[in-house]
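**Q** Kindly produce the complete structure, drawing on both the sequences and the hints.
For the protein sequence lines, the chains are A and B, in the order given.
Take the first sequence: its position 14, counted from the start at 1, is 831 in the numbering used here, and no numbers get skipped.
Take the second sequence: its position 258, counted from the start at 1, is 1075 in the numbering used here, and no numbers get skipped.
By construction, these hints were calculated from the structure, which means they are not laboratory data.
All C-beta atoms, glycine included, are put in the ideal place defined by N, C-alpha and C.
Careful: at least some of the hints might be erroneous.
What the hints assert, rightly or not - Listed below are the simulated DSS-like cross-link pairs for lysine-lysine, each with C-alpha atoms no more than 30 Å apart in a straight line:
| # | chain 1 | residue 1 | chain 2 | residue 2 |
| --- | --- | --- | --- | --- |
| 1 | A | K935 | A | K986 |
| 2 | B | K1089 | B | K1164 |
| 3 | B | K1089 | A | K1148 |
| 4 | A | K1162 | A | K993 |
| 5 | B | K1124 | A | K1148 |
| 6 | A | K1069 | A | K1051 |
| 7 | B | K1164 | B | K1148 |
| 8 | B | K1167 | B | K1148 |
| 9 | A | K1089 | B | K1148 |
| 10 | A | K1089 | A | K935 |
| 11 | B | K1164 | A | K1148 |
| 12 | A | K1089 | B | K1089 |
| 13 | B | K1164 | A | K1089 |
| 14 | B | K1089 | A | K1124 |
| 15 | A | K1148 | B | K1156 |
| 16 | B | K1051 | B | K1069 |
| 17 | B | K1089 | A | K1164 |
| 18 | B | K1124 | A | K1156 |
| 19 | A | K1089 | B | K1124 |
| 20 | B | K1164 | A | K1124 |
| 21 | B | K1148 | A | K1164 |
As the list claims (entries may be wrong) - Partial pick of chain B residues on the chain A-facing surface, computed with a CB cut under 7 Å:
| # | residue |
| --- | --- |
| 22 | K1124 |
| 23 | L1128 |
| 24 | V1129 |
| 25 | V1131 |
| 26 | S1147 |
| 27 | Y1169 |
2 protein chains.
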Amino acid sequence: MKAVIMAGGQGTRFWPASRESRPKQFLQIADSGTLLQETVARLGPLLGREDVYVVCSERYLPLVAEQLEPFPRDQVIVEPMARSTAACAGLAACYLKQRFPEEMMVMLPADHVIRDVKEFHETLRAGEKLGREGWLVSFGIEPSHPATGYGYLRPGEHLGEFAGRPAYKVEQFTEKPDRARAAQFLEEGNYYWNSGMFLFSVERILSEIDLRMPRLGQALAEVEQSWGYPDRLKEIFSPLESTSIDFGVMEKSERIAMLPSDPGWSDVGNWKALEEILGVDGQGVASNGPQLNVDSRDCVLYTSGGKLVVLVGVRDLVVVDTEDALLVCSKDRTEEVRKVVESLKNKDLKEYT
Amino acid sequence: MKAVIMAGGQGTRFWPASRESRPKQFLQIADSGTLLQETVARLGPLLGREDVYVVCSERYLPLVAEQLEPFPRDQVIVEPMARSTAACAGLAACYLKQRFPEEMMVMLPADHVIRDVKEFHETLRAGEKLGREGWLVSFGIEPSHPATGYGYLRPGEHLGEFAGRPAYKVEQFTEKPDRARAAQFLEEGNYYWNSGMFLFSVERILSEIDLRMPRLGQALAEVEQSWGYPDRLKEIFSPLESTSIDFGVMEKSERIAMLPSDPGWSDVGNWKALEEILGVDGQGVASNGPQLNVDSRDCVLYTSGGKLVVLVGVRDLVVVDTEDALLVCSKDRTEEVRKVVESLKNKDLKEYT
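**A** This is the structure:
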């Protein structure tokens, strides 16, 4: 099995720490390494380094090289243009098909946190077996609250045990429901969050793309003839729509299976996620550096260089400090940070993005 | 007339910008110069440089020299120890007495802001005339709210016009009343805030100190014999209590006069004062640098180096950023910043004070 790490994201919800020049996956958020480094590291010893591939844009080649050193250049797949995860998966499958046409591949976001590596490995082992039977494998995380940022999976038919773990056909895949619908799912029970990790055979994902996204399938057929010609690859990618693999394939396919898993997963979706990742103190404050708290509660603090943060009489804030920009955000509005980055671009403050 | 600028304060309520190594008066808060530089500059052309004296501790001699360059060393009066404003005024009077025993002196805090220099000069001219008649002159600012951090003056008997301005005997001087009393003063009307600037003759302040603060008077008599002997001066100052000139002299003396004045004065008492000094925008935000405001109101932002501050969905915050420390404080609790500095000292975080 090969792992394909998707490192092409912009991570704008992690502004101002995440910048165009160094997006979230290249930052050290909680652990001793950057999110990308941790994503690669946690694959061992299940997979060797030679089985790990990274997809990113040309711009981030130096960061990948620096952070994963030594990492063979032919295990980095350069996206001609960012065209979301369906094109990313298709491109990676095309690339792997050249040498491993029968191989299984697991697609992993470069910017997630997983705490229980043993559980993660066991799930991947089960996923590999399930994938070899022709399924597109998703991993279902038990939902803790009616989040609107995730896809929801409803398991149906029991497909048997794989490496000792139960697998289910996915009866319904609902990408990013609204709040009311998400709440209804939780009330009904038997729904899972889609983790954003997928596992399938090279052959299967390419045939599903041909079936569900024929324009992308056509583009990938041209890609196969164009390796080594970056300008041609750009021409092929340029007219493609940005469609996630969730919308483009998973919601529509009839060959989706699910393995329930509890690997201590977080998609580190926005600054609020640091509460879980860093943990909170007795006053509900999560911080990556020194702090002094006077009568304050339930804040998230993220600074660089060990800066001291002093809070006096405040609550429910996210405070993120970097060298040239400082964010102070109500904790229930962390999703809006993405829009801040758009605003900065429109307001001639592009230097801060 | 001589001006004596009191530059010995710690400015702890302006932490983290104000540090022991560089207190508030040595910072550029609003104008093009530091508060000390502006305090000196606004005396001209009423007074020449040769009429301006600065009192500070030995530690701040290099800062004074750097900021007022060129400034003759014999116009800097070194406080042997910080013992509050009564001792400071007495020391300065002793110093001036050596060369100008009949002279008038005006005591000016180094860390105030005054916007209307013309009004300020006119008031000082009137004050000089009033002082020459033996009064201890205070300057009364019309109160805008029941502040508890100021002294309150109640004018009584009209003493006549001085340089075209009415002067009054002060009938009652109440230093820092509680909130209820301050509110009562405002309701009654005919109360003024004491500006913290005082004007008197060298002779008069020394005789008032002898009368009202005999221990300080005794110490000053010894000081007169000890110029040029820093260790001896320290010995004399060391046992003195720290008493403000307001408590020690002004509240008790029967020779206090007041000139009402409206020179656009602010004592820059805490971070909230920046609302008036910097001015606020349409969303009530006062800032000394670039900001992007998403749905936020009524904040005070102070950063160094032109850092961009982005606010999302917050209100009534004070945010102060420096190289190694960041303060986020509820706007109605800015007075507590002083206690933060004490806490830091007690918590082994003295490096940040």
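**Q** Against each hint, give a clear statement of whether it holds in the structure.
**A** Now the hints, each set against the structure:
1. A:K935 - A:K986: Since the Cα atoms of K935 of chain A and K986 of chain A sit roughly 24 Å apart, the hinted pair holds (cutoff 30 Å).
2. B:K1089 - B:K1164: holds (26 Å)
3. B:K1089 - A:K1148: OK: K1089 of chain B and K1148 of chain A at ~24 Å, within 30 Å.
4. A:K1162 - A:K993: holds (26 Å)
5. B:K1124 - A:K1148: holds (22 Å)
6. A:K1069 - A:K1051: Holds - the C-alpha atoms of K1051 of chain A and K1069 of chain A are around 27 Å apart, at most 30 Å.
7. B:K1164 - B:K1148: holds (24 Å)
8. B:K1167 - B:K1148: Roughly 25 Å between the alpha carbons, so the hint for K1167 of chain B and K1148 of chain B holds.
9. A:K1089 - B:K1148: holds (24 Å)
10. A:K1089 - A:K935: holds (26 Å)
11. B:K1164 - A:K1148: holds (28 Å)
12. A:K1089 - B:K1089: holds (29 Å)
13. B:K1164 - A:K1089: holds (28 Å)
14. B:K1089 - A:K1124: Holds, at roughly 23 Å.
15. A:K1148 - B:K1156: Holds, because 27 Å separates the two Cα atoms, which is no more than 30 Å.
16. B:K1051 - B:K1069: Holds. K1051 of chain B to K1069 of chain B sits at ~27 Å (cutoff 30 Å).
17. B:K1089 - A:K1164: At roughly 28 Å apart (the allowed maximum being 30 Å), K1164 of chain A and K1089 of chain B satisfy the hint.
18. B:K1124 - A:K1156: Holds, at about 20 Å.
19. A:K1089 - B:K1124: holds (23 Å)
20. B:K1164 - A:K1124: holds (16 Å)
21. B:K1148 - A:K1164: holds (28 Å)
22. K1124: Check passed: Cβ of K1124 of chain B comes within 6 Å of chain A, closer than 7 Å.
23. L1128: This interface hint holds because 5 Å falls under the 7 Å limit.
24. V1129: Holds: closest Cβ of chain A sits about 4 Å from V1129 of chain B, inside 7 Å.
25. V1131: Given a least distance of 5 Å, the restraint on V1131 of chain B holds.
26. S1147: holds (4 Å)
27. Y1169: holds (5 Å)
Every hint from the earlier list agrees with this structure, and none is contradicted.
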